[in-house]
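Make a model of the complete structure from these sequences and hints.
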Amino acid sequence: MPEPILRVKDLNKEFKTKSTKLFSKSVPVKILKDISFDLLEGETLSVVGESGSGKTTLGRCVLNGLDATSGEVVYVTNDEKAVDYLNLGKADYKKYRKDIQMIFQDPYSSLNPRMTVFDIISEPLVTNYDVKKKEVEEHVADIAERVGLNPHLLKRYPHAFSGGQRQRIAIARALITQPRVIVCDEAVSALDVSIQAQIINLLDDLQTEMGITYIFISHDLSVVQTISDRVAVMHLGRIVELASVDSFFENPKHPYSEALLSSVPKPDPDVKTDRIILQGEVPNPGNPPSGCEFHPRCPYATELCRTEIPELKETGQGKRHLSACHYADELELRGVWHANQAK
Amino acid sequence: MKRSSLLKKIFHSLKTHSKRNATGASEENTQDYYASQWSLMWKKLKKHRLARFSLLCLIVFYIIVLFANFIAPQDATEYDSDYANAPPMQLHFFDEEGNFHLRPFVYGIESTRHPETYRKVFVEDREVKYPVQFFTEGSEYKFLGLFPTNIHLFGVEDPGEIFILGTDGMGRDLFSRIVLGSQVSLSIPLVGVAISLIIGLIIGGISGYFGGWTDAIIQRIIEIFRSFPTLPLWMALSAAIPAGIEVVKMYFYIVIIISFIEWTGLARVVRGQFMSLKKEEFVLAAKIAGVSTGKIIRKHLMPGIMSYLVVSITLAIPGMILAETAMSFLGLGIRSPATSWGVLLQEAQQIENVALYPWKLIPLFFVIFSVLCFNFFGDGLRDASDPYKK
Amino acid sequence: MKQMRANKRSTEQPLLSVEDLKVTIQMDNAVLKAVDGVSFTIEKGKTLGLVGESGCGKSLTSRSIMSLNPKECETTGEILFNSSLDQKLKGLNILDLDPTGKKIRSIRGKKISMIFQEPMTALSPLYTIGNQIMENILLHRTKNKKEAKQIALEMLRKVGISDEEKRFNDYPHEFSGGMRQRVMIAIALACNPELLIADEPTTALDVTIQAQVLELMKSLQDELGMAILLVTHDLGVIAEICDEVAVMYLGEIVEKAPVHEIFNQPKHPYTKGLINSMPILGTGKQRLEPIEGTVPLAINMSHKCGFYDRCTHRIQGICDVQAVPETQVSSNHSVRCFLYNEHEEDEQNA
Numbered sequence: 001m002p003e004p005i006l007r008v009k010d011l012n013k014e015f016k017t018k019s020t021k022l023f024s025k026s027v028p029v030k031i032l033k034d035i036s037f038d039l040l041e042g043e044t045l046s047v048v049g050e051s052g053s054g055k056t057t058l059g060r061c062v063l064n065g066l067d068a069t070s071g072e073v074v075y076v077t078n079d080e081k082a083v084d085y086l087n088l089g090k091a092d093y094k095k096y097r098k099d100i101q102m103i104f105q106d107p108y109s110s111l112n113p114r115m116t117v118f119d120i121i122s123e124p125l126v127t128n129y130d131v132k133k134k135e136v137e138e139h140v141a142d143i144a145e146r147v148g149l150n151p152h153l154l155k156r157y158p159h160a161f162s163g164g165q166r167q168r169i170a171i172a173r174a175l176i177t178q179p180r181v182i183v184c185d186e187a188v189s190a191l192d193v194s195i196q197a198q199i200i201n202l203l204d205d206l207q208t209e210m211g212i213t214y215i216f217i218s219h220d221l222s223v224v225q226t227i228s229d230r231v232a233v234m235h236l237g238r239i240v241e242l243a244s245v246d247s248f249f250e251n252p253k254h255p256y257s258e259a260l261l262s263s264v265p266k267p268d269p270d271v272k273t274d275r276i277i278l279q280g281e282v283p284n285p286g287n288p289p290s291g292c293e294f295h296p297r298c299p300y301a302t303e304l305c306r307t308e309i310p311e312l313k314e315t316g317q318g319k320r321h322l323s324a325c326h327y328a329d330e331l332e333l334r335g336v337w338h339a340n341q342a343k
Numbered sequence: 001m002k003r004s005s006l007l008k009k010i011f012h013s014l015k016t017h018s019k020r021n022a023t024g025a026s027e028e029n030t031q032d033y034y035a036s037q038w039s040l041m042w043k044k045l046k047k048h049r050l051a052r053f054s055l056l057c058l059i060v061f062y063i064i065v066l067f068a069n070f071i072a073p074q075d076a077t078e079y080d081s082d083y084a085n086a087p088p089m090q091l092h093f094f095d096e097e098g099n100f101h102l103r104p105f106v107y108g109i110e111s112t113r114h115p116e117t118y119r120k121v122f123v124e125d126r127e128v129k130y131p132v133q134f135f136t137e138g139s140e141y142k143f144l145g146l147f148p149t150n151i152h153l154f155g156v157e158d159p160g161e162i163f164i165l166g167t168d169g170m171g172r173d174l175f176s177r178i179v180l181g182s183q184v185s186l187s188i189p190l191v192g193v194a195i196s197l198i199i200g201l202i203i204g205g206i207s208g209y210f211g212g213w214t215d216a217i218i219q220r221i222i223e224i225f226r227s228f229p230t231l232p233l234w235m236a237l238s239a240a241i242p243a244g245i246e247v248v249k250m251y252f253y254i255v256i257i258i259s260f261i262e263w264t265g266l267a268r269v270v271r272g273q274f275m276s277l278k279k280e281e282f283v284l285a286a287k288i289a290g291v292s293t294g295k296i297i298r299k300h301l302m303p304g305i306m307s308y309l310v311v312s313i314t315l316a317i318p319g320m321i322l323a324e325t326a327m328s329f330l331g332l333g334i335r336s337p338a339t340s341w342g343v344l345l346q347e348a349q350q351i352e353n354v355a356l357y358p359w360k361l362i363p364l365f366f367v368i369f370s371v372l373c374f375n376f377f378g379d380g381l382r383d384a385s386d387p388y389k390k
Numbered sequence: 001m002k003q004m005r006a007n008k009r010s011t012e013q014p015l016l017s018v019e020d021l022k023v024t025i026q027m028d029n030a031v032l033k034a035v036d037g038v039s040f041t042i043e044k045g046k047t048l049g050l051v052g053e054s055g056c057g058k059s060l061t062s063r064s065i066m067s068l069n070p071k072e073c074e075t076t077g078e079i080l081f082n083s084s085l086d087q088k089l090k091g092l093n094i095l096d097l098d099p100t101g102k103k104i105r106s107i108r109g110k111k112i113s114m115i116f117q118e119p120m121t122a123l124s125p126l127y128t129i130g131n132q133i134m135e136n137i138l139l140h141r142t143k144n145k146k147e148a149k150q151i152a153l154e155m156l157r158k159v160g161i162s163d164e165e166k167r168f169n170d171y172p173h174e175f176s177g178g179m180r181q182r183v184m185i186a187i188a189l190a191c192n193p194e195l196l197i198a199d200e201p202t203t204a205l206d207v208t209i210q211a212q213v214l215e216l217m218k219s220l221q222d223e224l225g226m227a228i229l230l231v232t233h234d235l236g237v238i239a240e241i242c243d244e245v246a247v248m249y250l251g252e253i254v255e256k257a258p259v260h261e262i263f264n265q266p267k268h269p270y271t272k273g274l275i276n277s278m279p280i281l282g283t284g285k286q287r288l289e290p291i292e293g294t295v296p297l298a299i300n301m302s303h304k305c306g307f308y309d310r311c312t313h314r315i316q317g318i319c320d321v322q323a324v325p326e327t328q329v330s331s332n333h334s335v336r337c338f339l340y341n342e343h344e345e346d347e348q349n350a
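Residue numbers (UniProt numbering), protein chains in the order written: chain S, 1 to 343; chain V, 1 to 390; chain L, 1 to 350.
Simulated from the structure, these hints should not be mistaken for laboratory data.
We put the CB at the ideal spot given by N, CA and C, even for glycine.
Do not rely on the hints blindly, as some may be mistaken.
What the hints assert, rightly or not - Simulated crosslink set (DMTMM-like; lysine to aspartate or glutamate; CA at most 20 Å straight-line):
1) V:K47 x L:E72
2) L:K71 x L:E53
3) V:K278 x S:D67
4) L:K46 x L:D36
5) V:K299 x S:D119
Said to hold, decoys possible - Footprint (simulated), chain V over chain S, 3 or more residues, beta carbon under 8 Å:
6) 110 to 117
7) 153 to 159
8) 322 to 333
Shown next, in the form of structure tokens:
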């Protein structure tokens, strides 16, 4: 059993919205609500959810790219020391900051157009280590080759590259400090299908080679399924289901997960699934529904759901399959495995 | 309308997309891949014809500023009341007999009274010819402010006079005064912009980077500054300047008065750019990589706002040219015998003067022309300022 | 082959037929062939999916039908729209019409409508939803304001916007993304068009909302009987609602077939590659088979198959020297690849 590398405990994030009326008080909007999970070394944990579910905010808070309102992220270092990643001391900051890196969704805005690719890739290295120019050059060339970029092209600017190549640059940049955790925020969503597959495979290879742990944030369940070991489903700032990938796709234990899975269009005209179409829209995070926040759209909702917030707890599927539904064990929910096996 | 803008976006993305993929499609494209922001801007600017032409004119203007004393046949203080209000002289290539002269010449002029109105009029004295000569000796000055000399670009032999744009009420050569005046009129904006820029960069940068309360307070202060009516403000400030001070001091007082108002515009540009760039993902990426705040500002934010800043500066200069002209015109700025375009226009204040001696409006064309040049050049720069726009 | 197509046309007139459509863009120092000889037909009440990666020319193709291409594009070819209601339009090439003239405007919005990927930019923020739906109805259907409002309200009901009387007076920013797309659909369908062009209609939406919108489009098609040209990069969406699929690559249609055949018996190596590189839900953690390389540029293309550099089945000396002809593998399945050309020749020899 792998050890946790990151322990996220009760992470909360509020944004103050500007009120539209003059002089009225601004109301904080809760984007993350009591997020807790362990990230195990060497695994890929996917975070899925619709837009507005808070998955991007979660990724940024874990990295300390955004300041969390409360909660802690404990990072277990290489030498088994547990440090509070959100409040690193100066010495620790220099030592551990580089251990967690990030890849963004949009390879156009995440690379500074005014820097050469070489400068972009080498920036984290030069910032965090005291290395000679010669070594930097070698390192950058090595890493560029590894992610499939021709080292001869490094003196070019990002506008010379296509979306897929830019994402390779972003990956090279994230890898150069030899991080232990990489947060991939919709890292393949902006890419064309054929390029997307190249990048997914690259990420996969890098994991096997270097033992990197991924937090893979995505809205695309088909991609999530091909790359992850575990899946966390977020809805309106809460994790509503957390399970291993097999267990999740076969036996989802939350009606929201079921609806998500059934909504994905299948690239097979012969499989006509009778899909569950959710009624209504994603609720406004500024004014969330009472009780279980999914109840207005849930086909199985009861009175209990309207009043009481369900806890994220173990289900009949075992210790490692958590769900935040009052009826997690009573409902017979459809996964996607069966449909395919039946075919 | 909305449809066409959408299409434009799609069309553009298609174009840029294809450009990006053109690996080795053509030499020029590949060169672009190694081109920095500035060379990309330059390339785009070069395609803007009007901007290119304006830039050329501006360069000529500033060369004139540099060599003003050399180009002007007279110096600022020379006058001859015999020739007061003389009209522009004609350069001739053909003499009375119709012979062609390669070297142009002017006739001597004589003033007489008009038999009916008794007004002074000038007539050409066809008897005396003064060929235009180059590198003639004239009044003493320091070339480029360093080397004392008395050589001027052109002139005629004594006792002839050459007033190619006429003279003013004291008999001073208008052309010389325009050329000498450009030194003040075209350099005040540059110094003024430099001062505004420093203030604007610091205050706007603070406002934009920190945001929140700091930003709110600074913005309110800027709004107060901007709501001052400029004319009374100039009058109040120039009243504070002691009378009869040196020209050089006067010059700096004016610069300070002008930048006092202009910095607010630049501060706003800087703030806006900081705010939008701060949200770019590459800034977050740098933060996550552990880059310090100071370095993020220097390496990621500053280069980003530079191009916009250059545009704003270029477009701020015409305002300053006009401000200086207006101040001097109203007698609040530079005073005679020191000269600027605004001072020269003072003589055109009376309608009588304009009606009788229309050439006194000539400095106005220089003002208009230089302002237009800066505006056109700024326009071209603005179009080129974001070569990465999708 | 030309003959075959001609025969087909004479027997039954399709609603829309596009023949040898070319869109070229003059760049600084080259000519970009964005769309290069595209031909397809759409039957009445059917759905054709146009699928391809970014930059393959699918959007320009769909916009050509509305004569909406930017000025910089040179568009040639033949687009015939055979309206069953308006005999005057028969045999008229849309590309010959003045793009700002009266004739094309009587087609746009009335006979052919369009919905876009990003509904926020396609709706004007200054007018209420009701206003924007009525605009189209007043232009094409009725001059009576009361009647127009009735039609508009009915349309809003049809696209599933409850409380339509109240929402009629709301502004676009008061709607969520999915709702806005519904409004766009209501506007597009308000005049009962015979053809709806949907350009990536669900790409900007969440999966659950995408499912709603696709379902809505299907049910409205059953009800109103319009044909749909669906432009998308998502094979899942294609499988969901299309009858026929045209796969585009580098400005050409490389394969065209009924939806079942595309997914069950893809012929072109590119189509195969696309399907293989797509992660499919329900198959577990597995490795994908991507197409290597990137999409090249359609500038100064030589006579070779555009997919040559990325193709695993390329034949040196054939694929890189000749232009690839279209091959009919069955009556309604055509593919642009040499692999199937020989097959046809063999048959002929036999």
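Results of checking the hints against the structure:
1. Proximity of K47 (chain V) to E72 (chain L) is assessed by CA-CA distance (about 17 Å); at most 20 Å being required, the pair is judged to hold.
2. The hinted pair formed by K71 (chain L) and E53 (chain L) fails the criterion: a straight-line CA distance of about 24 Å is larger than 20 Å.
3. Note on K278 (chain V) and D67 (chain S): the hinted pairing holds, with a Cα-Cα distance of about 16 Å set against a maximum of 20 Å.
4. Under the criterion of a C-alpha separation no larger than 20 Å, the hint pairing K46 (chain L) with D36 (chain L) is inconsistent with the structure, at around 24 Å.
5. As the CA atoms of K299 (chain V) and D119 (chain S) are separated by approximately 11 Å, the hinted pair is consistent with the 20 Å bound.
6. Against chain V, the stretch 110 to 117 of chain S contributes 6 residues with a C-beta closer than 8 Å to a partner C-beta. That satisfies the three-residue criterion, and the hint holds.
7. Under a criterion of three residues with beta carbons nearer than 8 Å to beta carbons of chain V, the stated coverage of the stretch 153 to 159 of chain S is upheld, 5 such residues being counted.
8. A stretch counts as covered by a chain when three or more of its residues have a beta carbon under 8 Å from one of that chain; for the stretch 322 to 333 of chain S and chain V the count is 0, and the coverage is violated.
This entry does not satisfy hints 2, 4 and 8, going by the numbered hints stated previously.
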